[in-house]
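Asks: Let the hints inform the model, and build the full structure from the sequences given.
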Amino acid sequence: MASTSAMFDNKLVKWVDERLPIFSTMQHAGMEYPTPRNLSYWWNFGSLAGFMLVVMIVTGIVLAMHYTPHADHAFASVERIMRDVNYGWLIRYIHMNGGSMFFIVVYIHMFRGLYYGSYKAPRELLWWLGLVILVLMMATAFMGYVLPWGQMSFWGATVITNLFSAVPFFGEHIVTWLWGGFSVDNPTLNRFFSLHYLLPFVIAAVVFLHIWALHTTKSNNPLGIDIKGPQDTIPFHPYYTVKDMYGVAVFLIFYALFVFFAPNMLGDPVNYVPANPLQTPPHIVPEWYFLPYYAILRAIPNKLLGVIAMFGSILIFFLTPWLDTSRVRSARYRPVYKWLFWVFVICCIALGWAGAKPPEGLALWVARIGTVYYFLHLIVLMPLVGWFERPLPVPKSIATPVLSAQPMEKA
Amino acid sequence: MRAPARTLMAVGIAAALAVPAFAAEAPHPAKQHWSFSGFFGTFDRAAAQRGFQVYKEVCASCHSMQYLSYRHLAALGFNEEEVKAIAAGVEVPDLNDEGEAVKRPGRPSDRFASPFPNEKAARAANNGAFPVDLTLVTKAREGGPDYVYAVLTGYKDAPSGFQLQPGMNYNEYFPGHQIAMPPPLSDDQVTFADNTKASVPQMAKDLVTFLSWAAEPELEARKAMGIKVILFLIVLSGLLYAVKRKVWADVH
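One line per chain: the protein sequences are D and B, in this order.
Sequential numbering from 113 applies to the first sequence in our numbering.
Sequential numbering from 1450 applies to the second sequence in our numbering.
No lab work stands behind these hints, which were simulated from the structure alone.
Errors might be hidden in some of the hints.
[Said to hold, decoys possible] Result set (SDA-like, lysine to any residue): computed pairs, CA atoms no more than 25 Å apart in a straight line:
| no. | chain 1 | residue 1 | chain 2 | residue 2 |
| --- | --- | --- | --- | --- |
| 1 | D | K330 | B | H1701 |
| 2 | B | K1695 | D | I365 |
| 3 | B | K1693 | D | A511 |
| 4 | B | K1480 | D | V497 |
| 5 | B | K1693 | D | I339 |
| 6 | B | K1533 | D | N198 |
| 7 | B | K1693 | D | V354 |
| 8 | B | K1552 | B | E1529 |
| 9 | B | K1677 | D | Y205 |
| 10 | B | K1605 | B | E1506 |
| 11 | D | K508 | B | H1701 |
| 12 | D | K340 | B | V1696 |
| 13 | B | K1672 | D | G172 |
| 14 | B | K1677 | D | I365 |
| 15 | B | K1672 | D | F373 |
| 16 | B | K1672 | B | R1494 |
| 17 | B | K1605 | B | G1577 |
| 18 | B | K1693 | D | G142 |
| 19 | D | K340 | B | D1699 |
| 20 | B | K1695 | D | A511 |
| 21 | B | K1677 | D | M377 |
| 22 | D | K330 | B | V1696 |
| 23 | B | K1695 | D | F373 |
| 24 | B | K1677 | D | F373 |
| 25 | D | K340 | D | T329 |
| 26 | B | K1695 | D | N150 |
| 27 | B | K1695 | D | P342 |
| 28 | D | K330 | B | W1697 |
| 29 | B | K1672 | D | I216 |
| 30 | B | K1677 | D | N150 |
Replies: Quick look at the structure:
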């Protein structure tokens, strides 16, 4: 390690680095990291997700300075933030819409991984860590939505925590334990606030592992082939630092349109009515990013099976490295899977649409057909297509197609 | 193939039949033109001040606005003296130095005084119904300001055959059509200082403008900042794109 410290001119930096190599680690991981030269803009969404985590933690810490986690005061304290705290409305709207932005970015990041086979060997652990982050994000977002203590906060919390009552034998006890009482009440709000503050830091730790695994196996790329040598890669800095910064700027335009001009578009108006345990809203709907899972839950008439299917719809992704039997990673060279991928995307969107509607008529049928297809795609079609599909010839190396596309290449 | 297709068709027909039935149940509130909508929207101060007058003289006898303070009214163009006078015109519960409950004239720093001390008192005085707090009402209803305007102007005689519960009123836009609140507005109910004719639609429009400000007092600052932020981000994106192209020139 000491030898890498030699690259620093500054004596102090060198002195520190010889004892604790933070500077050389940063140099390796943040600047030299050999990255495939052919990453498309779909690869921007990883850094965007990291950016969103920072935005959420920073705005969240400021909000927590002004928020009161008590059933009698939470709603009013949020209104105080909106009205009397300097730029409180800005911080809250950044945080509130930030949740949606985080999920948009992470879902695109995951679909990119699915399309280009980024979960396949040797990146199984990288994929798993990403899924752990997703599950933690969902728990965090769910508990965060409870904090303003509006009608949908309260009833959403009631419905979702009640799902655990489907557990045979201990169900009711688990629910009472989660609530800290016999209904969703002040103790529930208190613990949700505590955990909502804790989990983002757990996410940050798993993100660290996720990046560590990434830097060990190196990034996948649109061709889905391995890095063969230095001609296939470019250093992360300045190439991808500048590309990621450009991505963040463009993404911020999209984000700002919501924050400044449609801050409540993605939320439910009912959540501006204070929580009332005696009055159930006509439609209890979760935030949009949970709608596909909500559709799966309600598509199945049996509560326990519905809950299993809902959690299974996420946990099943832990198995995709093995459910996908194709030797080829990138869907670019998989003529059949490529189409199935888009059908699966449409299936997820249709489930989301159905999740927003009351479970009756057309919406219920869309939810049922969508649920069946969702699992059919992941459990049956993925392995079968991998066996029967004839992939197109894959390029020999990353550098070959990149360079041959432009014969006049410079050194 | 046939059976699912037939099922789908049946479902489609059922849905098609259900939609108009639902539409008759609660018509979609008509879109109104609001001064505060759009990218450059601002609150029409004169309308909002008239709306405040309607609230004060009509709504405030039953509806609280507990998240507003009198000092907030300065944002509607009332000067300091006017705000003080408005606040002083209201009796506010407080404790005196002996710890006894007293009423005193309001101050600008006070929250809007609520007409009832608690929900039970409000229900007792209103035939069991609870007049909702109005601070957030335009934000807390599907359809927002359009919906609130539609309810305020949506009172009609109940169609024949409609079973109206005792003490309830028929309203075209209220869910279930039965609303405990009697028609709150009538022509020339208030006298506007600026000689605007106080028709029901006029009062409703002004009131909803005031309520929308109360729900989103930050709206003007938000949109003004948003324009600047987005213009800045467009320029920043352009610059970063140019830098990206330059850095990547030797790779492509």
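Asks: Each of the hints needs a verdict: does it hold here or not?
Replies: So, going through the hints one by one against the coordinates:
Of the supplied pair hints, the one linking D:K330 and B:H1701 holds, its CA atoms being roughly 21 Å apart against a limit of 25 Å. Between the alpha carbons of B:K1695 and D:I365 the distance comes to roughly 23 Å, so the proposed pair stays at or under 25 Å and holds. As the CA atoms of B:K1693 and D:A511 are separated by approximately 20 Å, the hinted pair is consistent with the 25 Å bound. The straight-line distance between the Cα atoms of B:K1480 and D:V497 is roughly 51 Å, outside the 25 Å bound, and the hint therefore fails.
The suggested pairing of B:K1693 with D:I339 holds, with an alpha-carbon distance near 23 Å, which does not exceed 25 Å. Restraint check for B:K1533 and D:N198: the C-alpha separation of about 23 Å stays at or below 25 Å, so the hint holds. Among the hinted pairs, B:K1693 with D:V354 is consistent with the structure: their alpha-carbon atoms are about 6 Å apart, no more than 25 Å. Straight-line distance between C-alpha atoms of B:K1552 and B:E1529 comes to about 23 Å, which keeps the hinted pair within the 25 Å bound.
For the hint linking B:K1677 to D:Y205, the alpha-carbon distance of about 17 Å falls within 25 Å, and the restraint holds. A distance of roughly 23 Å separates the Cα atoms of B:K1605 and B:E1506; the hinted pair therefore holds under the 25 Å criterion. At most 25 Å may separate the alpha-carbon atoms for a hinted pair to count; D:K508 and B:H1701 meet this at roughly 19 Å. Restraint check for D:K340 and B:V1696: satisfied, since their Cα atoms lie roughly 24 Å apart, inside the 25 Å limit.
Note on B:K1672 and D:G172: the hinted pairing holds, with a Cα-Cα distance of about 23 Å set against a maximum of 25 Å. With a CA separation close to 11 Å, the supplied pair B:K1677 and D:I365 stays within the 25 Å bound. For the hint pairing B:K1672 with D:F373, the CA-to-CA distance comes to about 6 Å; that is within 25 Å, so the pair holds. Restraint check: the Cα-Cα separation between B:K1672 and B:R1494 comes to about 17 Å, which is no more than 25 Å; the hinted pair holds.
Taking the CA atoms of B:K1605 and B:G1577, the gap is near 22 Å; set against the 25 Å cutoff, the hint holds. With a CA separation close to 17 Å, the supplied pair B:K1693 and D:G142 stays within the 25 Å bound. A threshold of 25 Å between alpha carbons decides the hint, and for D:K340 with B:D1699 the separation of about 20 Å falls inside it, so the pair holds. The straight-line distance between the Cα atoms of B:K1695 and D:A511 is roughly 20 Å, inside the 25 Å bound, and the hint therefore holds.
A distance of roughly 21 Å separates the Cα atoms of B:K1677 and D:M377; the hinted pair therefore holds under the 25 Å criterion. Taking the CA atoms of D:K330 and B:V1696, the gap is about 22 Å. The hint holds against a cut of 25 Å. About 34 Å separates the Cα atoms of B:K1695 and D:F373, which puts this hinted pair outside 25 Å; it is violated. Taking the CA atoms of B:K1677 and D:F373, the gap is near 12 Å; set against the 25 Å cutoff, the hint holds.
For the given pair, D:K340 sits about 13 Å from D:T329 by alpha-carbon distance, which is consistent with the 25 Å threshold. The suggested pairing of B:K1695 with D:N150 holds, with an alpha-carbon distance near 16 Å, which does not exceed 25 Å. Restraint check for B:K1695 and D:P342: satisfied, since their Cα atoms lie roughly 22 Å apart, inside the 25 Å limit. Taken as a hint, the D:K330 and B:W1697 pair is honoured in the structure, with Cα atoms around 20 Å apart against an allowance of 25 Å.
This hinted pair checks out: B:K1672 and D:I216 have alpha carbons roughly 24 Å apart, not beyond 25 Å. A distance of roughly 35 Å separates the Cα atoms of B:K1677 and D:N150; the hinted pair therefore is violated under the 25 Å criterion.
Hint compliance for this structure: hints 4, 23, 30 are broken, all remaining hints hold.
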